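If you read the protein sequences in the order shown, they are chains F and X.
Quick note on the working numbering: the first sequence kicks off at 81 and runs consecutively.
Quick note on the working numbering: the second sequence kicks off at 8 and runs consecutively.
To be clear, the hints were calculated from the coordinates, so they are not data collected in a lab.
Remember, it's a predicted structure, so these values are computed and weren't measured experimentally.
Using N, Cα and C, we set each Cβ at its ideal position, and we do this for glycine too.
Any given hint might turn out to be false.
[Claimed, not checked] With the Cβ distance kept under 8 Å, some of the chain F side facing chain X (calculated, not the full set): (1) Tyr-111; (2) Leu-125; (3) Phe-170; (4) Asp-179; (5) Gln-181.
[Claimed, not checked] Quick list of in silico lysine-lysine cross-link-like pairs, BS3-like style, CA-CA up to 25 Å: (6) X:Lys-49 - F:Lys-124; (7) F:Lys-124 - X:Lys-75; (8) X:Lys-49 - X:Lys-29; (9) F:Lys-124 - X:Lys-44; (10) X:Lys-29 - X:Lys-78.
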Amino acid sequence: NAGVTQTPKFRILKIGQSMTLQCTQDMNHNYMYWYRQDPGMGLKLIYYSVGAGITDKGEVPNGYNVSRSTTEDFPLRLELAAPSQTSVYFCASRQDSTDTQYFGPGTRLTVL
Amino acid sequence: GENVEQHPSTLSVQEGDSAVIKCTYSDSASNYFPWYKQELGKRPQLIIDIRSNVGEKKDQRIAVTLNKTAKHFSLHITETQPEDSAVYFCAAMDTGRRALTFGSGTRLQVQP
Chain F
81 NAGVTQTPKF
91 RILKIGQSMT
101 LQCTQDMNHN
111 YMYWYRQDPG
121 MGLKLIYYSV
131 GAGITDKGEV
141 PNGYNVSRST
151 TEDFPLRLEL
161 AAPSQTSVYF
171 CASRQDSTDT
181 QYFGPGTRLT
191 VL
Chain X
8 GENVEQHPST
18 LSVQEGDSAV
28 IKCTYSDSAS
38 NYFPWYKQEL
48 GKRPQLIIDI
58 RSNVGEKKDQ
68 RIAVTLNKTA
78 KHFSLHITET
88 QPEDSAVYFC
98 AAMDTGRRAL
108 TFGSGTRLQV
118 QP
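The whole structure should be built from the sequences, with the hints applied where relevant.
Below, the structure is given as structure tokens:
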């Protein structure tokens, strides 16, 4: 199993550009999450999904959108990038039987 | 929503000493409390977790204690080693979203 994978690893965007952060898991987990981590801080929940076709907002959803068309994939879309979205983005999935969350390697995004 | 406070923000110990990191949470319905270790530029890695029906759990040099009444939990690392140096995060999982709310992190430095 590859676990949770994310692409790209790094990206620099200009203000106003858009992009999609990709997240895939091969563990057949229903729950998936997007967190952001600002420098020196803990992770904050952006969006989450309890299964294909079902998504909901977390603590900091403004400026982001998600979709979940399959169990495996949970992409995060940034529209009109702003400097405040400079952060490291982690995708995670949760194992139902243990509550353990498995994190992807992260995407480091800089908006200039 | 859930709020998790973590102390101290930095902790420096001598190799071989013990380290203790403390967290409090606000939502009495939270029932799962993991601890993550994060090295620079890496994803958070689960090191130990505890459920609300257990008061203490130990794994070699690492232990976690939970006081449900007071709504606080602590991480104890004994016989610290330089490779324990990292940022440690506590988290609490709510029963609704099954998403994690993270503390702000503790930077542990183990001096050889």
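For each hint, the structure was consulted:
Here the hint on Tyr-111 (chain F) is kept, as its CB sits about 6 Å from the closest CB of chain X, short of 8 Å. Among the interface hints, the one on Leu-125 (chain F) holds; its C-beta lies about 5 Å from the nearest C-beta in chain X, closer than the 8 Å criterion. With its C-beta approaching chain X no nearer than about 6 Å, Phe-170 (chain F) sits inside the 8 Å limit, and its interface hint holds. Taken as an interface hint, Asp-179 (chain F) checks out: its beta carbon lies about 5 Å from the nearest beta carbon of chain X, inside 8 Å.
At a threshold of 8 Å, the smallest CB-CB gap from Gln-181 (chain F) to chain X is about 6 Å, leaving the interface hint in force. For the given pair, Lys-49 (chain X) sits about 16 Å from Lys-124 (chain F) by alpha-carbon distance, which is consistent with the 25 Å threshold. For a cut-off of 25 Å, the pair hint linking Lys-124 (chain F) to Lys-75 (chain X) stands: about 24 Å separates their Cα positions. Proximity of Lys-49 (chain X) to Lys-29 (chain X) is assessed by CA-CA distance (about 23 Å); at most 25 Å being required, the pair is judged to hold.
About 16 Å separates the Cα atoms of Lys-124 (chain F) and Lys-44 (chain X), which keeps this hinted pair within 25 Å; it holds. Between Lys-29 (chain X) and Lys-78 (chain X) the CA atoms are separated by roughly 11 Å; this keeps the pair inside 25 Å, and the hint holds.
Consistency with the previously given hints is maintained throughout, with no hint failing.
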